[in-house]
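J.: Listed in order, the protein sequences are those of chains D and S.
Just so you know, the first sequence maps onto residues 1 to 114 in my numbering.
Just so you know, the second sequence maps onto residues 1 to 114 in my numbering.
By construction, these hints were calculated from the structure, which means they are not laboratory data.
Idealized CB from N, CA, C, for every residue including glycine.
One should not assume that every hint holds.
[Said to hold, decoys possible] The following residues of chain D were derived to be distant from chain S, with all beta-carbon distances above 12 Å:
no.: 1; residue: Thr12
no.: 2; residue: Asn24
no.: 3; residue: Gln38
no.: 4; residue: Gln42
no.: 5; residue: Leu44
no.: 6; residue: Asp54
no.: 7; residue: Glu66
no.: 8; residue: Ser70
no.: 9; residue: Gln71
no.: 10; residue: Ser72
no.: 11; residue: Ser80
no.: 12; residue: Trp83
no.: 13; residue: Gln113
[As the list claims (entries may be wrong)] The calculated lysine to aspartate or glutamate pairs, modelled on DMTMM-like cross-linking and capped at a C-alpha distance of 20 Å, are:
no.: 14; chain 1: D; residue 1: Lys106; chain 2: D; residue 2: Glu20
no.: 15; chain 1: D; residue 1: Lys68; chain 2: D; residue 2: Glu20
no.: 16; chain 1: S; residue 1: Lys55; chain 2: D; residue 2: Asp100
no.: 17; chain 1: S; residue 1: Lys20; chain 2: S; residue 2: Glu87
no.: 18; chain 1: S; residue 1: Lys64; chain 2: S; residue 2: Asp88
no.: 19; chain 1: S; residue 1: Lys41; chain 2: S; residue 2: Asp88
no.: 20; chain 1: S; residue 1: Lys41; chain 2: D; residue 2: Asp8
no.: 21; chain 1: S; residue 1: Lys64; chain 2: D; residue 2: Asp54
no.: 22; chain 1: S; residue 1: Lys41; chain 2: S; residue 2: Glu98
no.: 23; chain 1: S; residue 1: Lys14; chain 2: S; residue 2: Glu59
no.: 24; chain 1: S; residue 1: Lys41; chain 2: D; residue 2: Glu88
no.: 25; chain 1: S; residue 1: Lys41; chain 2: D; residue 2: Asp85
no.: 26; chain 1: D; residue 1: Lys106; chain 2: D; residue 2: Asp85
no.: 27; chain 1: D; residue 1: Lys68; chain 2: D; residue 2: Asp54
no.: 28; chain 1: D; residue 1: Lys106; chain 2: S; residue 2: Glu59
no.: 29; chain 1: S; residue 1: Lys66; chain 2: S; residue 2: Glu22
no.: 30; chain 1: D; residue 1: Lys61; chain 2: D; residue 2: Asp85
no.: 31; chain 1: S; residue 1: Lys20; chain 2: S; residue 2: Glu63
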Amino acid sequence: AQSVTQPDIHITVSEGASLELRCNYSYGATPYLFWYVQSPGQGLQLLLKYFSGDTLVQGIKGFEAEFKRSQSSFNLRKPSVHWSDAAEYFCAVASGGGADGLTFGKGTHLIIQP
Amino acid sequence: GAVVSQHPSWVICKSGTSVKIECRSLDFQATTMFWYRQFPKQSLMLMATSNEGSKATYEQGVEKDKFLINHASLTLSTLTVTSAHPEDSSFYICSARETGAALYFGPGTRLLVL
Numbered sequence: 001a002q003s004v005t006q007p008d009i010h011i012t013v014s015e016g017a018s019l020e021l022r023c024n025y026s027y028g029a030t031p032y033l034f035w036y037v038q039s040p041g042q043g044l045q046l047l048l049k050y051f052s053g054d055t056l057v058q059g060i061k062g063f064e065a066e067f068k069r070s071q072s073s074f075n076l077r078k079p080s081v082h083w084s085d086a087a088e089y090f091c092a093v094a095s096g097g098g099a100d101g102l103t104f105g106k107g108t109h110l111i112i113q114p
Numbered sequence: 001g002a003v004v005s006q007h008p009s010w011v012i013c014k015s016g017t018s019v020k021i022e023c024r025s026l027d028f029q030a031t032t033m034f035w036y037r038q039f040p041k042q043s044l045m046l047m048a049t050s051n052e053g054s055k056a057t058y059e060q061g062v063e064k065d066k067f068l069i070n071h072a073s074l075t076l077s078t079l080t081v082t083s084a085h086p087e088d089s090s091f092y093i094c095s096a097r098e099t100g101a102a103l104y105f106g107p108g109t110r111l112l113v114l
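Only chain D is shown next, with the shape it has when bound in the complex:
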């Protein structure tokens, strides 16, 4: 069965600093990988996704993620965070060509310090 691990429950970053959120997955074949952001009480917004091709994926809001098969990782990065980036971030994996539902990590809560 597939699984996703987000090792950091909370991360605190100063505004303007760089950010990296970790995500490791477990899946036998080539995974479909996603990063979503959730603001309090809100639904999920897709930041970016990886299906195939270039392993460095650009997303919205200045986010990017790199798929590293050898490390089973799909870490999310942003060079300079803004206070509005404070939210919950979820990494997710899909199998079955995306026909199945997503398996989510437990999420990382991002706190931005002024």
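Place chain S on chain D using the hints.
T.: What follows is chain S alone, placed relative to chain D:
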């Protein structure tokens, strides 16, 4: 991007009553929709996969007689929580699959059972 709506966004009901939640894809046809449940400060857990015109597929541990799913058209899926109890209080989120395995999430429905 594609838009998925949910109605209602908030619902409060008495224990023992049934609650229906609608999930609509507004600008695309979704042959597959997914229902998730999220408890406070936790991740999303897939409850069931809903395919248009066929019976839903439920994840292990999800009671199909309690959580009735109907996917009568390519743009609408409904989740009915039957005989709701306080432990059913949660945040219910649907997602709809567009072509190319892209998944879009609705804004969620917060259910409170008194």
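J.: Which numbered hints turn out to be false for this structure?
T.: Violated hints (numbers, rising): 3, 4, 5, 21, 22, 23; every other hint is consistent with the structure.
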